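K.L.:
As given, the protein sequences belong to chains Y and E, one line each in that order. First residue of the first sequence: 1, per our numbering; consecutive thereafter. First residue of the second sequence: 1, per our numbering; consecutive thereafter.
Worth flagging that the hints you see were computed from the coordinates, not collected in a lab.
Under the rule of at most 20 Å between Cα atoms (straight-line distance), these lysine to aspartate or glutamate pairs were calculated in the EDC-like manner: (1) E:Lys-42 x Y:Glu-17; (2) Y:Lys-164 x Y:Glu-62; (3) E:Lys-13 x Y:Asp-72; (4) E:Lys-13 x Y:Glu-50; (5) E:Lys-16 x Y:Glu-8; (6) E:Lys-84 x E:Asp-58; (7) Y:Lys-71 x E:Glu-10; (8) Y:Lys-164 x Y:Asp-64; (9) E:Lys-16 x Y:Asp-72; (10) Y:Lys-143 x Y:Glu-50; (11) E:Lys-13 x Y:Glu-55.
Among chain E residues calculated to face chain Y with C-beta under 10 Å, some are: (12) Lys-13; (13) Arg-54; (14) Asp-58.
If you're wondering where the values come from, they're calculated on a predicted model, not measured in any experiment. Glycine residues also receive a C-beta, built at the ideal position from the N, C-alpha and C atoms.
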Amino acid sequence: MADAVLFEFLHTEMVAELWARDPDPGPGGQKMNLSVLEGMGFRVGQALGERLPREMLAFREELDVLKFLCKDLWVAVFQKQMDSLRTNHQATSLPQGTYVLQDNSFPLLIRMASGLQYLEEAPKFLAFTCGLLRGTLSTLGVKSLVTASVAALPTCKFQVVIQKS
Amino acid sequence: MSRPAHRRPEYRKINKDLFVLTYGALVAQLCKDYEKDEDVNKYLDKMGYGIGTRLVEDFLARSCVRRCHSYSEIIDIIAQVAFKMYLGITPSVTCNNSGRSEFSLILDKNPLVEFVEELPAGRSSLCYCNLLCGIIRGALEMVHLAADVTFLQDRLKGDSVTEIGITFLKKLDEKKYRRKK
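Produce the complete structure using the sequences and hints provided.
P.N.:
Set out below in structure tokens:
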């Protein structure tokens with residue numbers, strides 16, 4: 001069985017590799033590198049979504065899909081559940097169709113020091129996962145935009161905005 | 001007591017698939033960025049090297065292997081412990097020279113290519129799994145062993161087996177070899 005660490009090591013190397021090519025890409029270049037990582041995550045998320053057993057995927061409503069991401073997908077991919085899920089019912093500042101998923105000890109950030117030291121680097125380590133979420137949602141028939149933010153490592157928040165077609 | 005959630009079989013499969021799929025996406029991206037197969041191969045090897053230098057620590061922490069006294073012992077550990085631990089397979093080992101410094105790992109199954117039927121068009125020289133060579137090379141270097149690691153045969157290229165060749169470049173300290181007289 002491929003250990004979870006293999007994926008973590010590969011992910012770290014991918015982030016390092018994409019930045020090594022152009023250490024100072026400037027804002028336009030940085031965006032492109034992040035979107036390359038996000039795009040890869042998207043394709044992987046789609047493929048993962050296709051492999052999920054069908055019984056797992058009987059969703060009655062949108063919230064069930066999000067709960068699935070927080071529990072089943074997160075456990076399968078990161079061996080832990082998402083720590084909190086906020087919807088516009090609990091936080092009226094959130095528009096409908098926007099969900100905030102918070103992980104208080106996100107495994108891909110854990111190896112970096114906690115706190116504020118590597119805050120600037122954090123987005124590079126979240127781009128792939130944003131794509132992964134977006135890709136899995138896409139296979140489940142949900143179009144979305146996923147962004148992530150970090151206030152202090154290793155806590156991060158993923159914001160999922162459902163796109164109504 | 002029920003098993004912890006992440007140990008359930010369907011989750012373990014997703015976890016294994018995650019690495020294999022991510023690797024596939026990486027190779028696809030490198031093929032987009034580099035026209036020449038040699039360049040993709042080189043980058044995969046380089047990335048593998050980076051991973052190997054760190055993976056070896058993880059491996060030593062998990063496996064408590066004894067100190068090795070010969071290259072064959074090291075190769076056996078790579079094949080029977082490391083490959084098993086990280087990829088769930090146990091390649092068979094052959095020794096290719098009388099000096100016992102050149103070996104081959106024969107991979108019967110290869111999880112990395114589970115979702116790959118054939119090499120992409122126009123990529124006949126691509127060493128799809130070259131990351132593995134870099135990983136082995138990087139890991140060995142961290143334990144002070146220099147080695148050349150390349151694919152000698154590749155099922156994806158039409159060979160009958162997939163074979164990784166490992167050639168140790170320097171002699172181990174001779175004291176460790178010498179039998180008691």
